[in-house]
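When you get a sec, could you build the whole thing from the sequences and use the hints?
So the protein sequences, as listed, match chains A and B.
Those letters in the first sequence? Residues 1 to 653, by the working numbering.
Those letters in the second sequence? Residues 1 to 96, by the working numbering.
Honestly, the hints are just simulated from the structure, not real lab data.
Incorrect hints may appear among the rest.
What the hints assert, rightly or not - Covered stretches of chain A, as calculated for chain B (at least 3 residues, CB under 8 Å):
hint, segment
1, 531-544
2, 559-568
Stated by the list, open to error - The calculated lysine-lysine pairs, modelled on DSSO-like cross-linking and capped at a C-alpha distance of 30 Å, are:
hint, chain 1, residue 1, chain 2, residue 2
3, A, K536, A, K631
4, B, K65, A, K631
5, A, K158, A, K53
6, A, K609, B, K65
7, A, K556, B, K85
8, B, K66, B, K85
9, A, K631, A, K609
10, A, K630, B, K65
11, B, K41, B, K91
12, A, K556, A, K631
13, A, K556, B, K91
14, B, K41, B, K85
15, A, K631, A, K525
16, B, K66, A, K631
17, A, K536, A, K609
18, A, K53, A, K143
19, A, K59, A, K143
20, B, K66, B, K91
21, A, K609, B, K91
22, A, K556, A, K630
23, A, K609, B, K85
24, B, K41, B, K66
25, B, K91, A, K631
26, B, K41, B, K65
27, A, K227, A, K244
28, A, K630, B, K85
29, A, K525, A, K556
30, A, K630, A, K536
31, A, K143, A, K158
32, A, K352, A, K510
33, B, K91, B, K65
34, B, K91, A, K630
35, A, K536, A, K556
36, A, K474, A, K510
37, A, K631, B, K85
38, B, K65, B, K85
Think of the CB as a built atom: it goes at the ideal place given N, C-alpha and C, for glycine as much as any other residue.
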Amino acid sequence: MKRRQKRQSILARFTIITVIALTLGFAVSYTLLHYYNVWSIRNDGNLYANYAKGMVESKLVDVPYDEYFSSSTSVAYQQLRIEMRDICDQCGADNLYLYTVNADRTERTFLFTVATDIESDSQVSEERGLGSISTAPLSEYEKQALQGDEPQEPEPVKNQFGNDLCFYRRIVLPENNGYAILGLDYDYNFADTLVSEDTLAFAVPIVVAVFGIAIMELVLLSRYIIKPIRNVSASMRSFAQEGKAPEEPLVAPHNDEIGEIVTSFNQMTTDIEHYVAHIEEMTEERVAATTELQVAQRIQQSLVPSVSHEETDGYDAFAFARTARAVGGDFYALTPLDDGQLLVIVADVSGKGVSAALYMSMCLTLIRRKLQDTMDPALALNEANDIMESNNTENMFVTVIAGIFNQDTGVLTYANAGHLPPLLTDGTFLDPDPGIALGLFEGAGIVNETTTLNPGQGILLYTDGAVEANNEAKQFFGEERLATAVSGCTTAEETVRTVVDAVDSFVAGKEQFDDLTLLALVAKKREARHLSVEVKPELASFASIRALLDQLHLDKPLQSRITLACDEAFANVANYAGASRASVEITRTSDRIAVCMRDDGTPFDPLSKQPEEREFEDFEFGGMGIAFIKKSCDDISYEYADGQNVLTMCFNL
Amino acid sequence: MNITSTIDGTTTTLALEGWLDTSTAPQLGDALGQVDSGCTKLVLDFCGLEYISSAGLRQVVSAHKKMRGALAIINVSAEVMQVFKMAGFDKRLDIS
Chain A
1 MKRRQKRQSI LARFTIITVI ALTLGFAVSY TLLHYYNVWS IRNDGNLYAN YAKGMVESKL
61 VDVPYDEYFS SSTSVAYQQL RIEMRDICDQ CGADNLYLYT VNADRTERTF LFTVATDIES
121 DSQVSEERGL GSISTAPLSE YEKQALQGDE PQEPEPVKNQ FGNDLCFYRR IVLPENNGYA
181 ILGLDYDYNF ADTLVSEDTL AFAVPIVVAV FGIAIMELVL LSRYIIKPIR NVSASMRSFA
241 QEGKAPEEPL VAPHNDEIGE IVTSFNQMTT DIEHYVAHIE EMTEERVAAT TELQVAQRIQ
301 QSLVPSVSHE ETDGYDAFAF ARTARAVGGD FYALTPLDDG QLLVIVADVS GKGVSAALYM
361 SMCLTLIRRK LQDTMDPALA LNEANDIMES NNTENMFVTV IAGIFNQDTG VLTYANAGHL
421 PPLLTDGTFL DPDPGIALGL FEGAGIVNET TTLNPGQGIL LYTDGAVEAN NEAKQFFGEE
481 RLATAVSGCT TAEETVRTVV DAVDSFVAGK EQFDDLTLLA LVAKKREARH LSVEVKPELA
541 SFASIRALLD QLHLDKPLQS RITLACDEAF ANVANYAGAS RASVEITRTS DRIAVCMRDD
601 GTPFDPLSKQ PEEREFEDFE FGGMGIAFIK KSCDDISYEY ADGQNVLTMC FNL
Chain B
1 MNITSTIDGT TTTLALEGWL DTSTAPQLGD ALGQVDSGCT KLVLDFCGLE YISSAGLRQV
61 VSAHKKMRGA LAIINVSAEV MQVFKMAGFD KRLDIS
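Here you go:
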């Protein structure tokens, strides 16, 4: 969990810094002043001590020594004290005193002591007055002074008179009275008193001034920086939460840096709001477009499923479609027809994406409809071409292979309109008339081609997504790899899946720009097929037999031969046998068709009757029928079994 | 089967459409019976004829005899021609 950070204020920081700076400044200036004062006392003390020494020595010779010091009440002594106090006052000292020292330097005998302060003066005049004795050994400072050296350092002394700095000087007493020591006391605490006074006099106004300036700065800081920043900050927060620019744009308080920030902020919120609106709009449009595209994709998938499988006992067909984009321009049709034939189409529309998909759906519907109506691939494509060409403003076109596979004969009748040549599963490419893509020119002149698929033989129809699939090395999958891939495949699905896998592993994940559509058709070895009909033995019933023959979907010459043989045989039964019932049974195997005609009429073996040589004119009375039957079929046999004539006519496929 | 008869002076044209098999051959017989006696030339137009059987051929022979050879057969399809050839009629009839 993120720890909530304590909010910090610039103003508070500035205040703290200011207070610390002021305190430090005060302390530093106090200390500096103190040491300056101590230094100046020492300096001045020495000067004053020398001055006092001179003054005292000159005063002492004014009056005879005894007159001065005979009595403390003498006029001269009192006069001397007054003058000495003046000197003391001039020197700025607290006390001024003069004393002699005994021989072993343990005893001081005072001649006088004066103090600047009147109260103190009366006190010291008694306690350290004329003749008063102090019995403490002399300090080093006093000894030094007594030897005549003038000590530069004062002696710090603490006694009942206070905390003092004492300066000593030797005085030569007149009239051979020996030496005496002149002392000058300065109050040590006075340094601090001076400091306090100086501080009050000097530092306080500065501090007050600085403090005043600091407060003014803080006020200005608050007014010109902190407050505007807070306003901007609050606006930013509300903008971030609500995602809406403030209704009233922030007003720049002054034309300064903060003003620039406010202007920038206003600009930014307006811009962001604009961008957000734009992004929302684009997102909505994209969502709508995506949804529409998904619908289009579903529609296209219903027209062209990604896989289709159709299988009968005559063929096995499998188709696969994969679009490079959401929707594509390739299409196929794999439509079993009612009569057992199979309609196949593989096509590639020019262009890509939605435009191709739109055109594709029209092409698919049109071509398949035409093919179902005409059952003639070339005719269907030519007719479709003329319709497409007549209103093709965008110059779209489509390459197509369309065909109809007859599972009874194994014949694939197909037409090529500028498409890639079909590939047999033995690895050989067919070489049909190239034709021309549909939709561009009136009268495409597409022609029919036929190829017969023997049982087990297959054919692959494909689009350029297979041969033009390319890998990172910019190599094409190509026809050779395609031919290798299909070789050895036995079922339609295996053929298609093998090609898809081969293409996918070849491109190795590289994005492809062509749709991939494959349709494989494999002819199967057909089991014997039986068709039969029972009919009344009368001529009108031949229509039923004809209908039965139609179900075989034979090519025209063979159909005519079989029809002729059946017609002649049935005419004999109907006209001459006197039968009550008849039946026709057709058995189709992979290589022949056997028609077995039965009737319960008079036993009659048509084969026993040798055709007579007759004149042309005699044919008016018949006699050609049996000759026609024999000439039409490849093999014929007759038997009479179970009370029925059984005539079996065979036709090789 | 449909038969359409057209008379142009003394020439009668019978246009046949559909199948001429055992069951429909009598229709051609009826049509031939209705051809006017003043007719000097008969034309059988097989343009729409898809199939002919021996019964159909018999009617053609009848027509040939009735018209004493003044019979022409036109627009014969490959399948129908095959049957004429099978019977050897292609050598005896005026077929085109």
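Okay, the hints, checked on the actual structure:
| no. | hint | result |
| --- | --- | --- |
| 1 | 531-544 | holds (count 4) |
| 2 | 559-568 | holds (count 5) |
| 3 | A:K536 - A:K631 | 26 Å, holds |
| 4 | B:K65 - A:K631 | 26 Å, holds |
| 5 | A:K158 - A:K53 | 23 Å, holds |
| 6 | A:K609 - B:K65 | 27 Å, holds |
| 7 | A:K556 - B:K85 | 17 Å, holds |
| 8 | B:K66 - B:K85 | 22 Å, holds |
| 9 | A:K631 - A:K609 | 14 Å, holds |
| 10 | A:K630 - B:K65 | 27 Å, holds |
| 11 | B:K41 - B:K91 | 19 Å, holds |
| 12 | A:K556 - A:K631 | 17 Å, holds |
| 13 | A:K556 - B:K91 | 24 Å, holds |
| 14 | B:K41 - B:K85 | 23 Å, holds |
| 15 | A:K631 - A:K525 | 29 Å, holds |
| 16 | B:K66 - A:K631 | 29 Å, holds |
| 17 | A:K536 - A:K609 | 25 Å, holds |
| 18 | A:K53 - A:K143 | 17 Å, holds |
| 19 | A:K59 - A:K143 | 24 Å, holds |
| 20 | B:K66 - B:K91 | 19 Å, holds |
| 21 | A:K609 - B:K91 | 26 Å, holds |
| 22 | A:K556 - A:K630 | 19 Å, holds |
| 23 | A:K609 - B:K85 | 22 Å, holds |
| 24 | B:K41 - B:K66 | 11 Å, holds |
| 25 | B:K91 - A:K631 | 18 Å, holds |
| 26 | B:K41 - B:K65 | 12 Å, holds |
| 27 | A:K227 - A:K244 | 22 Å, holds |
| 28 | A:K630 - B:K85 | 14 Å, holds |
| 29 | A:K525 - A:K556 | 22 Å, holds |
| 30 | A:K630 - A:K536 | 24 Å, holds |
| 31 | A:K143 - A:K158 | 18 Å, holds |
| 32 | A:K352 - A:K510 | 18 Å, holds |
| 33 | B:K91 - B:K65 | 16 Å, holds |
| 34 | B:K91 - A:K630 | 21 Å, holds |
| 35 | A:K536 - A:K556 | 27 Å, holds |
| 36 | A:K474 - A:K510 | 10 Å, holds |
| 37 | A:K631 - B:K85 | 11 Å, holds |
| 38 | B:K65 - B:K85 | 19 Å, holds |
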